[in-house]
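Student: Here are the chains, one letter per residue:
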Amino acid sequence: MAKVIDNPRPTAKERLNKTIDSVQGSQAWNSIFRPGSIFRKGYTDSPRNRSYVVMNSVLYHLHPVKVKRHAVKVSYTLCLGGLSFFLFILLTVTGIFLMFFYRPEATAAWNDIKSLQTSVAFGLLVRNMHRWGAHLMVLSVFLHMARVFYHGAYKPPREFNWVIGVVLLTLTLLLSFTGYLLPWDQLAMWAVAVGTNMMGYTPVFGSQVRFVLLGGVEIGSETLLRWYVLHVLMLPFVIVIFMAIHFWRVRKDGGISGPL
Amino acid sequence: MTEIPEHLLKRAQAAREKAAADSGGGADAAGGEAADPRIPAHLLERSRAAKAKSEGDGGAVAVADKVASVVAAAPAAGGVPVGAGPGGHTQRLLTVVKSGSIQDVKATPVDKVHTWPHLLAVEFVAALACTAFLFFFSVFVNAPLLQLANPNQTPNPSKAPWYFLGLQELLTMFHPMVAGVTIPGIALFALILAPYIDKNPSNKPEDRKFATSLMTVHLMFWAVLVMIGSFFRGPGFNFVFPWRDGLFFEL
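In order, the protein sequences belong to chains A and Z.
Under our numbering, the first sequence has 1275 at position 101, and the numbering climbs by one with no breaks.
Under our numbering, the second sequence has 200 at position 186, and the numbering climbs by one with no breaks.
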């Protein structure tokens, strides 16, 4: 006679499911993941949840819940604006890492970079990513501008957002240029010398402009400190404000332009 | 007005099918509607009386012609409003007023999709691809780090970062104030003013041939200058051919 088992031992899969259920049912879990989160219990792909995913996420709610169908075509935007923003985030993260190993002094800067490359774990890789990412961001912001122009996306009601975009392009160039000096090698110093000499020809205030930029009459330790603060604090602060206005205006002006 | 969500369309479709299925049996049940407990007894009484009257006047009337029979019966009933739908309902739908006729609806139909997953998935893939590209490029190509800065030793040539090399190239042709301030200043200012100068409301490429060509010339102007400055300038910022004299360019 076969033995009847009333309570068979739960299989590993059943136990796993039970654990997941209890975690997802807990108060802590539900306090962290708001309704519509794909991590919440019983998430289904319903129109309601699709809206909640965007509305209830601090990152995604930069986006509206719905967008024009043509706007999600990669061939229209080439993702250039989004990638510029993404590269800015990437540069912020790698830049914070680099700040741990860098002193903006003429006597220390170059050696800090050298030892960052040789004796810090992943130091060389992160510095490379920061450098190439910066060049890539200049390129992507520039291409984004060209894309917007060729689509006529600067036309009413988006005129002012175009102006903000040009400001963002200028700020991107300035961020890249101020960062250029920081390694304090021959390339950095003389590139900046060429650049600041040019700015010294500003009419009327030429020499004053140059003095303010260099913190003296020649490139030196003061220049390095000045450009360091501009690079890691002031310009990022300003560009974030302009980016916030830029993204906000995209939505206020009726979303992305087009279709053509 | 702008669109009808998919799930509502589905729901409407299901309701329509259900109604179609019900109406088949409704015609048969119309005669024995007394069983429906939701309709007050006096209303049922009135509708039955009206029906009996109309049948008396016009003979046998099919259930499908009931509306017509009610209209015909109205004068005979002496001004008492009567009406009977299937199941003894006494209300009739006179008209449907669509929202567009009484509201100022400005929105034109727009084809929209949910941001999640349609846009976020694309963005995620783009961000991943970008990170992967940057990662592998950085693994294989090192950022330059030359000798320690030395104010007493000017490298030959000294070049600005690549995006300023167009300006440096202009320096070879114009006075520094023109090349370094006036021309880039005008270019930047023109760029800022572009939407206020360009009064053409169309964004169709075929309507914007002038604007498109002007911008292309502008971009090409800078691109060519940057390329010359980057690759075709050697010691003393003299013109060189990179395939003959080598490359004098650091990123």
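Rather than coming from a laboratory, the hints here were simulated on the basis of the structure.
Treat the hints with care, since some could be wrong.
[What the hints assert, rightly or not] Taking CB as the label site, the calculated pair distances span:
#	chain 1	residue 1	chain 2	residue 2	range
1	Z	P19	A	S1196	46 to 52 Å
2	A	R1243	Z	S113	22 to 28 Å
3	A	D1195	Z	A135	25 to 31 Å
4	A	R1243	Z	Q167	58 to 64 Å
5	Z	L228	A	L1347	53 to 59 Å
The C-beta atom is built at its ideal place from N, Cα and C for all residues, glycine as well.
Student: I want to verify a distance hint. Is the separation of the beta carbons of P19 of chain Z and S1196 of chain A within 46 to 52 Å?
Tutor: Roughly 35 Å apart at Cβ, these two residues miss the hinted range, so it is violated.
Student: Take a look at whether the Cβ-Cβ distance between L228 of chain Z and L1347 of chain A falls inside 53 to 59 Å.
Tutor: For L1347 of chain A against L228 of chain Z, whose Cβ atoms are near 22 Å apart, the range 53 to 59 Å is violated.
Student: Against the range 25 to 31 Å, how does the distance between the Cβ atoms of D1195 of chain A and A135 of chain Z compare: consistent or not?
Tutor: The hint (25 to 31 Å, Cβ to Cβ) holds, given that D1195 of chain A and A135 of chain Z are roughly 28 Å apart.
Student: Hint says 58 to 64 Å; check whether the CB-CB distance for R1243 of chain A and Q167 of chain Z agrees.
Tutor: holds (60 Å)
Student: Between R1243 of chain A and S113 of chain Z, does the beta-carbon spacing fit 22 to 28 Å?
Tutor: Holds - the Cβ-Cβ distance for R1243 of chain A and S113 of chain Z, about 24 Å, lies within 22 to 28 Å.
In this structure, the hints that do not hold are numbers 1, 5, in rising order.
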